[in-house]
Amino acid sequence: MLGVRKAVSDMDFCINIKKIVTIEAVNPVINLDGHQEKSFNKAELPKLDDLKPMQRRRLSPFAKLAMHCALEVTKNENQSLVSVFSSRHGDLHKTSTMLHDLALGEDISPTAFSLSVHNAVAGLFTIFTQNTQASTTVSAGKDTFMMALVEAYIRLKTGKHEQVLLVHSDQSLPSPYSQYADELQVDHAVALILTKDSNVGQRLSVKKYNNGSTATSTSDTSLSELPQALSFHRWFSDIKKTQELTMLDKQWKINRSNIE
Amino acid sequence: MSDLKAKIKALIIETLDLEDVSIEDIQDDEALFVDGLGLDSIDALELGLAIKKTFNIKIDANSEETKKHFSSINSLSEFIETNQ
Chain A
94 MLGVRKAVSD MDFCINIKKI VTIEAVNPVI NLDGHQEKSF NKAELPKLDD LKPMQRRRLS
154 PFAKLAMHCA LEVTKNENQS LVSVFSSRHG DLHKTSTMLH DLALGEDISP TAFSLSVHNA
214 VAGLFTIFTQ NTQASTTVSA GKDTFMMALV EAYIRLKTGK HEQVLLVHSD QSLPSPYSQY
274 ADELQVDHAV ALILTKDSNV GQRLSVKKYN NGSTATSTSD TSLSELPQAL SFHRWFSDIK
334 KTQELTMLDK QWKINRSNIE
Chain B
2 MSDLKAKIKA LIIETLDLED VSIEDIQDDE ALFVDGLGLD SIDALELGLA IKKTFNIKID
62 ANSEETKKHF SSINSLSEFI ETNQ
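Chains as they are written, first to last, in the numbering used here: chain A, 94 to 353; chain B, 2 to 85.
Check each hint, because a few of them may be wrong.
Derived contacts from chain B toward chain A, CB cut-off under 7 Å, selection only [claimed, not checked]:
#1 Ile-14
#2 Glu-15
#3 Asp-18
#4 Glu-20
#5 Asp-21
#6 Leu-40
#7 Ile-43
It is worth saying that the hints were derived from the structure and are not from the lab.
Backbone N, C-alpha and C define an ideal beta-carbon position, used for all residues, glycine too.
Could you put the whole structure together from the sequences, leaning on the hints where they help?
Next up, the structure:
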């Protein structure tokens, strides 16, 4: 094509989604600072009846959301999967409470501290399900969900595994941080089983353009304010929507094809 | 049941999020850790902190004596009574 510069993608891969499970708060509430958010109250959180009470009791709301989706999506799997967990902010409500206590010179909760690492949910999930496979936990700002997808693809591409579990979760920011919100604040978790098998589920074609794609894509702008994982899920679950999904100032272009 | 013992039991249930456990379920002479109630080392630290805050007493985390004090509701209430 003369005179037309075609953008060359900086990353380009295909991956199949076998199963997806999500949970998302739907009722808008106004938080203490007057910002609108969608968050679960305690009674609305997943009950996690499959776990023993002694396992359930230390799970924070954040952990419950991720654990619910991880357990649901792997329910019918007969073997343990390698896993990628991701979260932009991690269990920031817990972190924020601990920082608050520290600032006041008070002792912090040993239970909270013991589960305050970024891969705490990955640790709990693999203990509860006796899963000894490798696990990675990813965080990459607004781009966290897509980077977790890249990590999952790398796992499938370089390892001997046929499937990988991807679990993403985030919550509305706790009030000391809500002034920094740069996307809609919604409690949510998304879990997927991704597979190498190109004949299973739905096939995704993913392209990344570091300088933004030149495509004048007509992607749904109503999705762009959502956290990435939710924006992806809205697009993915709407079977009428065949157009491609673009994210992060068109740095990502995603297309899909139905197999079944 | 003495008031103090009931208070300690309520504190254990609340601090350690023991859903499905009520004050009546915890026996005064039952082991709190491992066997009996099935609490673990993190619970011991959490409970120690809660007792410190609630009853305003100092607890030495490394002493053998402390282990004995935390063995049951009976020993805990005795410990709190003598140190308050």
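Quick rundown of the hints versus the structure:
{"no.": "1", "hint": "Ile-14", "verdict": "10 Å, violated"}
{"no.": "2", "hint": "Glu-15", "verdict": "11 Å, violated"}
{"no.": "3", "hint": "Asp-18", "verdict": "4 Å, holds"}
{"no.": "4", "hint": "Glu-20", "verdict": "6 Å, holds"}
{"no.": "5", "hint": "Asp-21", "verdict": "5 Å, holds"}
{"no.": "6", "hint": "Leu-40", "verdict": "9 Å, violated"}
{"no.": "7", "hint": "Ile-43", "verdict": "5 Å, holds"}
Of the hints listed earlier, those the structure fails to meet are numbers 1, 2, 6, in rising order.
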